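There are 2 protein chains.
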Amino acid sequence: MLSFSQLVCCLCLLFFVVFSKAEPDFSLLNISVDTERLVEDLKILGQFSDGDYPGITRLLYSKEDKAARRYLIALFEQSGLSVSWDPVGNIFARWEGSDPTAPAVGSGSHFDTLLNAGLYDGTLGVLGALEAIRSLKKAGFQPKRSIEIVAFTSEEVSRFGVGCVGSRYMVGSLSVEELMKLKDSEGVDFDSARKFCGYTEELGSSTTSDDRYSAFVELHIEQYHILEDKGIPIGLVTDIAAPALYTVEWKGPGGHAGSVPLNERQDPFLAASEFALSLEQLILKDPTNSRATIGRVEVYPGSAGAIPRSVRLSVDIRDINEESRTKLKEQAMEKAASIAQKRKVKMDISHNYSYPPAKMDPKVIAVMEDSCRKYNLTFLKMISRPFHDSLFMATKFPTGMIFIPCKEGKSHVPDEYASPEDILRGVEVLAETLARLSYL
Amino acid sequence: MLSFSQLVCCLCLLFFVVFSKAEPDFSLLNISVDTERLVEDLKILGQFSDGDYPGITRLLYSKEDKAARRYLIALFEQSGLSVSWDPVGNIFARWEGSDPTAPAVGSGSHFDTLLNAGLYDGTLGVLGALEAIRSLKKAGFQPKRSIEIVAFTSEEVSRFGVGCVGSRYMVGSLSVEELMKLKDSEGVDFDSARKFCGYTEELGSSTTSDDRYSAFVELHIEQYHILEDKGIPIGLVTDIAAPALYTVEWKGPGGHAGSVPLNERQDPFLAASEFALSLEQLILKDPTNSRATIGRVEVYPGSAGAIPRSVRLSVDIRDINEESRTKLKEQAMEKAASIAQKRKVKMDISHNYSYPPAKMDPKVIAVMEDSCRKYNLTFLKMISRPFHDSLFMATKFPTGMIFIPCKEGKSHVPDEYASPEDILRGVEVLAETLARLSYL
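Going line by line, the protein sequences match chains A and B.
Residue 1 is where the first sequence starts when you use our numbering, and the numbers rise one by one after that.
Residue 1001 is where the second sequence starts when you use our numbering, and the numbers rise one by one after that.
FYI, nobody ran anything at the bench for these hints, they're computed from the structure.
Hints may be right or wrong, so weigh each one.
[As the list claims (entries may be wrong)] Calculated cross-link-like contacts (lysine-lysine; reagent style DSSO-like; alpha-carbon spacing at most 27 Å):
(1) A:Lys346 <-> B:Lys1195
(2) A:Lys342 <-> B:Lys1346
(3) A:Lys335 <-> A:Lys251
(4) A:Lys407 <-> B:Lys1285
[Claimed, not checked] Pairwise CB distance ranges (calculated):
(5) B:Asp1052 <-> A:Glu334: 31 to 39 Å
(6) A:Thr326 <-> B:Glu1330: 42 to 50 Å
(7) A:Asp286 <-> B:Ser1192: 49 to 57 Å
(8) A:Thr326 <-> B:Glu1421: 53 to 61 Å
Here the structure is a predicted model, which is why all the values come from computation and not from measurement.
All C-beta atoms in this analysis are idealised placements derived from N, C-alpha and C, irrespective of residue type, glycine included.
Just chain A, with the same shape it has in the complex:
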């Protein structure tokens, strides 16, 4: 004898098998996410790390990244997906739809990390997309458009100083010439690192066609605490703020710490300190919209007994408004120049990157809203101040992002945490959204 719930499942399965090529009635699609398995997968991926767990360090093309890639490919293949990759190591895992030549529905995120970072940033969007597909398969769903997971190569800037390498390469915003010029802090060039990781085919331009995806959806932790504070489980991103990164270097003659009197010094660290505080003052004029961060500081030679000779700072500036960001950058750099002049140190600014902000696609957002409603989940439309691969995917494909809360808004730290309950809700909305998009 079948129980009532087993009977319902069988009927759903029958429905999808019979009517798989027509638009299904999504109210009958009954998704059951295996959160436990997903959290287990996230933890296993976290083991591929050059550092003390739960602090995760998985830099692009490192031996840990190489191993993580093997793990992901095995996981995708176990779930019956066809795996491929491109010359920079973007990994694609495709669930063939009933209309395999139609533009696919893409979903994914990155799986590299900053130094000593967390378990969920990026990886949730990769393994969450896999779990969405596994739960859709279990529910007997058959997609019309293919659904393709993209595990992007290096969204973080940690190794080569450039973020979103994989997504930028795909949409043509990062050329082969630019890639070939990249070097890490130890002088290893991008091409050698790529080949070390097994990507030995020639590095031509990306062949991603404009109609590869009908839509792209990225699931991500919020990386701040607005959702948590408001007790809302789902954020639907409307805009991604415009990021820019600069490197400011200060140089002086150095000298012996014991001998040179302070009124005769040209100390680049004191210049850099003054600049850091000025930059803070500048941003505090409008703390709601603007952000500036000095995250990387290299002081040379770095001896207790020697006045520094050079200081190199990363200066990350973001604003939802591109013009405001440019104005902010100009004010900061004017300040840097006047400090350099006053302190008689040399100052050089180099531009790492600056991108325009992105708008998420209203139709994709509408589908995500419907998906939330089906599961009785409240949602908040919001701006993403961190940037993501979606910033670049949005330049070519209708794109949307689903945010879930993370504890105390912490991210890029070892105690970054998203609860299984929030993960469950995020994957439910993602799976439903992918299913619906595959018939749009």
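With chain A's structure known, arrange chain B on it following the hints.
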């Protein structure tokens, strides 16, 4: 036929051979320093470096240090000196006097460097002492007291965060327990590093007896430009300023560079920047006597996209007056605490070292003055603000220091430079001083 000058040389030689045990007439001692050979030796020693010449990096017990030690020993032995060493790797090269049981005259300096430092700091005092002995031998001089070169292990703080390891060990101001606790930034402990360098005998306390040296003399570059500015070739040190080193660490929760608004941040780098500028203001109240330097800055995790979680600073404070230095340190640390409180970051201070100032011995200075007069060299009595192995040797033995000018006062930098003319004068005064002290 002998020329007149050859005849004078032979007579001098005869004088020293016949009257070697009585006090010689030093007006007849005719020292001829081979500056070219000495400069060549300095340059060869500079090749034992982990870095781009002329920037020299030779850290304690590194493979470069190990190789430099072999070179020095070979050079000492070629000059007919008996070489020995102690368990921390202080190297002794002894020219036996006619009264070998009498306390010897010591002379020397260190041969390790900071990161990417210069060719002359320390090494001039080691190879200069060797050249002094070679020129005394050539002049036919026979010492009464033995003359012993000391090539000290690690005067610089670069590897283990503690300076003057060799001299402190010799005079008993650094215990075996303290040495055993030392670790470098990569976690290698002092004892393993020492053994890697070939010093495998048991690390007991130093056996340097109180009467090992009747006097100790160190030749060094000034490391500032007072002598150069005044056009005076020789500085005779009267006092060495009191050094102190602290490590101040700031900690915050970190976070994503894009999301956390600046008015909610607890950024340890901004706290450290504010502290650096406060410290500068504090010293600028009395720039003549006090010095403070932040030379080593470690920012963690050091990613452009992450707010720093910790910043560690070395804080080097010096003053000729020990009380002033202590007061300065207290004021600085009060400031650090109030900044930490205001910015809601944690702050920890650890004490690396602090030593009292040292007075050079008036009798040794008097001999150095006589030596200067013999060569018609003007001299300046002066304070050394950098500290040296002599700071510690002075706690046990009558000690003196001879300074020579260095170009633009630069030191601890690759373009540190002392002219052959100034080196010649410094070694003449050193040789004459050692000769005279060996009969006192």
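Quick rundown of the hints versus the structure:
1. About 43 Å separates the Cα atoms of A:Lys346 and B:Lys1195, which puts this hinted pair outside 27 Å; it is violated.
2. This hinted pair does not check out: A:Lys342 and B:Lys1346 have alpha carbons roughly 32 Å apart, beyond 27 Å.
3. With a CA separation close to 16 Å, the supplied pair A:Lys335 and A:Lys251 stays within the 27 Å bound.
4. Distance check on the hinted pair: A:Lys407 and B:Lys1285 sit about 47 Å apart at the alpha-carbon level, beyond 27 Å; violated.
5. Remark: the range hint 31 to 39 Å for B:Asp1052 to A:Glu334 is upheld by a beta-carbon distance near 35 Å.
6. In this structure the hint that A:Thr326 and B:Glu1330 lie 42 to 50 Å apart at CB holds, the actual value being about 46 Å.
7. Look at A:Asp286 against B:Ser1192: about 54 Å separates their beta carbons, and that is inside 49 to 57 Å.
8. Taken as a hint, the range 53 to 61 Å holds for the pair A:Thr326 and B:Glu1421, whose Cβ atoms sit roughly 57 Å apart.
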